[in-house]
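Colleague: Sequence:
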Amino acid sequence: MNSETCLIIGAGQAASQLAFSLRKEGWLGPITLLGAEAEAPYQKPVLSKEFLFSEKTADDIAIKSTGAYEKKAIHVQRHAVVTKIDRAAKQVTLSDGQQLHYDKLAICTGATPRHLTIEGYNKANIFYLNSFIDAQSLRSMISVQQPKKAVIVGGGFIGLEIASSLRKLNIDVTLIETESRILARVSAPEISSYFTALHQQAGVNIILNTKVTAFKGSDTVSGVECDNGAHFDADLVIVGIGVTPNSMLAEEAKLEVNHGIVVDAKGQTSDPDIVAAGDCTVQFHPQSGRHLRIESIQNAVFQAKKAAATLCQKTIPNEETPWFWSDQYQTKLQIAGLSLRYTHTIKRGTNDKFSLWYFDGEQLQAVDCVNNPKDFLFAKKVLTKHLPLDQNKLKAQDTPLEETCQSELEPV
1 MNSETCLIIG AGQAASQLAF SLRKEGWLGP ITLLGAEAEA PYQKPVLSKE
51 FLFSEKTADD IAIKSTGAYE KKAIHVQRHA VVTKIDRAAK QVTLSDGQQL
101 HYDKLAICTG ATPRHLTIEG YNKANIFYLN SFIDAQSLRS MISVQQPKKA
151 VIVGGGFIGL EIASSLRKLN IDVTLIETES RILARVSAPE ISSYFTALHQ
201 QAGVNIILNT KVTAFKGSDT VSGVECDNGA HFDADLVIVG IGVTPNSMLA
251 EEAKLEVNHG IVVDAKGQTS DPDIVAAGDC TVQFHPQSGR HLRIESIQNA
301 VFQAKKAAAT LCQKTIPNEE TPWFWSDQYQ TKLQIAGLSL RYTHTIKRGT
351 NDKFSLWYFD GEQLQAVDCV NNPKDFLFAK KVLTKHLPLD QNKLKAQDTP
401 LEETCQSELE PV
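For the sequence shown, our numbering assigns the number 1 to the initial residue and increments by one for each residue that follows.
What the hints contain is simulated information worked out from the structure, not anything from laboratory work.
Built from N, CA and C at the ideal position, the CB exists for glycine as well.
Treat the hints with caution; some may be incorrect.
Claimed, not checked - Computed list of lysine to aspartate or glutamate pairs in EDC-like fashion (alpha-carbon distance at most 16 angstroms, straight line):
no., residue 1, residue 2
1, LYS24, GLU55
2, LYS49, ASP60
3, LYS64, ASP86
4, LYS90, ASP271
5, LYS381, GLU402
6, LYS90, GLU252
7, LYS380, GLU402
8, LYS353, GLU190
9, LYS149, ASP172
10, LYS56, GLU70
11, LYS216, ASP233
12, LYS347, ASP360
13, LYS84, ASP96
14, LYS216, GLU119
15, LYS395, GLU362
To be verified - Simulated restraints on C-beta separations:
no., residue 1, residue 2, range
16, ASP360, MET141, 39 to 47 angstroms
17, LEU169, ALA230, 23 to 31 angstroms
18, LEU387, ARG290, 20 to 28 angstroms
19, HIS79, THR343, 49 to 57 angstroms
20, LEU377, GLN406, 34 to 42 angstroms
21, ARG23, GLU403, 41 to 49 angstroms
22, GLN98, GLY361, 21 to 29 angstroms
23, GLN98, ALA214, 27 to 35 angstroms
24, GLN406, GLY349, 15 to 23 angstroms
Modelling step: build the complete structure from the supplied sequences, incorporating the hints.
Modeller: Structure below.
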């Protein structure tokens with residue numbers, strides 16, 4: 001560990017965290033981040049939020065300053081596209097032919113947006129938001145061409161956050177979702193209903209149970225057609241229908257891959273000299289009883305910390321409760337836990353400040369908090385410590401949250 005070289009493929013949140021965590025855990029040898037983009041590691045969540053209506057640069061959204069990397073002797077190699085991992089030789093090959101040796105390797109390659117390959121898919125002004133360049137191109141197009149009508153394909157968090165950003169720019173927005181409600185894969189109907197009303201009040205036209213089948217226009221998109229025959233004019237289209245893990249390098253290197261790079265609770269892959277972290281990975285989660293790929297900043301950071309500890313042969317951090325957030329207009333949604341399996345929910349609070357508690361029988365699974373950070377912090381503590389709650393007390397709106405816990409818990 002004193003002179004060993006660690007290469008980190010990727011330069012996103014997980015990669016940056018892993019590099020700094022390695023130094024914190026005592027790694028003394030060379031550390032190099034191999035980033036395919038021109039920019040230093042930056043924060044991706046802002047790309048679908050305030051970035052679109054701001055003048056922020058890549059430096060403004062950087063995860064760490066250039067000086068921070070230099071201070072910790074972490075080399076960030078930009079425009080470094082890795083094309084091959086040779087596990088036997090312990091080296092990686094870049095697109096320019098350069099070959100780099102490693103003693104330990106970390107794969108933090110993230111994920112890529114799923115694309116619609118339908119009629120007209122390659123027309124101008126159809127955007128996918130995944131990188132700084134994507135967001136910069138979209139922002140430039142909006143500034144120069146001043147589009148009037150936008151269609152967003154997909155009613156998940158990315159689609160809704162972009163809808164919020166576009167409405168702030170006074171662009172008419174139609175959002176098309178194949179499911180019967182927005183956020184159908186990640187939340188209960190109560191949350192879907194709340195955000196549907198929020199966006200409709202802001203002027204978003206939400207179309208459900210509908211599939212986009214074609215992008216119309218000449219060279220530039222002018223509208224979309226749907227499977228029910230509906231047509232919507234658009235001089236801007238943004239597609240947000242989920243992502244696919246960037247696991248091809250690992251698969252070609254014969255690492256275990258199953259809808260993502262398979263890692264254990266320590267971030268270890270099927271190769272003892274290779275770890276992985278972030279959106280490119282899948283890990284077994286006891287709560288669900290299956291392997292899951294969790295797309296969140298919290299998970300990327302936590303997995304990176306575990307992977308760094310593993311490489312340095314240090315104690316692995318205690319497990320954390322997964323958590324997420326989404327900003328839309330003036331509303332903040334915070335989620336603690338995973339609502340993969342639940343039998344019922346309990347709602348606390350008012351229409352614009354509430355929390356929704358997901359239970360599988362007596363066991364709390366997750367909590368969605370709308371404009372309610374206090375309930376969010378309480379929920380994270382309860383979920384992390386696996387503490388039982390009195391559901392009857394939880395239903396009683398005038399009962400303080402601390403009194404719903406059947407075990408001792410420090411006040412929030």
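Colleague: Compare the structure with each hint and give your call.
Modeller: Verification of the hints:
Restraint check: the Cα-Cα separation between LYS24 and GLU55 comes to about 34 angstroms, which exceeds 16 angstroms; the hinted pair is violated. The suggested pairing of LYS49 with ASP60 holds, with an alpha-carbon distance near 14 angstroms, which does not exceed 16 angstroms. Restraint check: the Cα-Cα separation between LYS64 and ASP86 comes to about 30 angstroms, which exceeds 16 angstroms; the hinted pair is violated. With a C-alpha separation of about 11 angstroms, the suggested pairing of LYS90 with ASP271 holds against the 16 angstroms cut-off.
Under the criterion of a C-alpha separation no larger than 16 angstroms, the hint pairing LYS381 with GLU402 is consistent with the structure, at around 11 angstroms. Pair hint LYS90 plus GLU252 holds up; C-alpha atoms about 14 angstroms apart against a cutoff of 16 angstroms. Proposed proximity of LYS380 and GLU402 is supported: the alpha carbons are some 13 angstroms apart, at most 16 angstroms. For the hint linking LYS353 to GLU190, the alpha-carbon distance of about 13 angstroms falls within 16 angstroms, and the restraint holds.
Restraint check for LYS149 and ASP172: satisfied, since their Cα atoms lie roughly 5 angstroms apart, inside the 16 angstroms limit. Only pairs whose Cα atoms come within 16 angstroms are accepted, and LYS56 paired with GLU70 is rejected, the gap being roughly 23 angstroms. A distance of roughly 9 angstroms separates the Cα atoms of LYS216 and ASP233; the hinted pair therefore holds under the 16 angstroms criterion. Restraint check for LYS347 and ASP360: the C-alpha separation of about 15 angstroms stays at or below 16 angstroms, so the hint holds.
Of the pairs offered as hints, the one joining LYS84 and ASP96 holds, with about 12 angstroms between alpha carbons and a cut-off of 16 angstroms not exceeded. About 8 angstroms separates the Cα atoms of LYS216 and GLU119, which keeps this hinted pair within 16 angstroms; it holds. At roughly 14 angstroms between alpha-carbon atoms, LYS395 and GLU362 fall within 16 angstroms of each other, so this suggested pair holds. In this structure the supplied range 39 to 47 angstroms holds for ASP360 paired with MET141, their Cβ-Cβ distance being about 45 angstroms.
Roughly 25 angstroms separates the CB atoms of LEU169 and ALA230, a value that falls within the hinted 23 to 31 angstroms. Checked against the given bound of 20 to 28 angstroms, the beta carbons of LEU387 and ARG290, roughly 24 angstroms apart, stay inside it. Our hint of 49 to 57 angstroms for HIS79 and THR343 holds, since their Cβ atoms are close to 51 angstroms apart. Checking the proposed 34 to 42 angstroms range against LEU377 and GLN406 shows it is violated: the Cβ atoms sit about 19 angstroms from each other.
About 44 angstroms separates the C-beta atoms of ARG23 and GLU403, a value consistent with the hinted range of 41 to 49 angstroms. At roughly 56 angstroms, the beta carbons of GLN98 and GLY361 sit outside the given window of 21 to 29 angstroms. Restraint check, GLN98 to ALA214: a C-beta distance of roughly 43 angstroms breaks the suggested window 27 to 35 angstroms. Remark: the range hint 15 to 23 angstroms for GLN406 to GLY349 is upheld by a beta-carbon distance near 21 angstroms.
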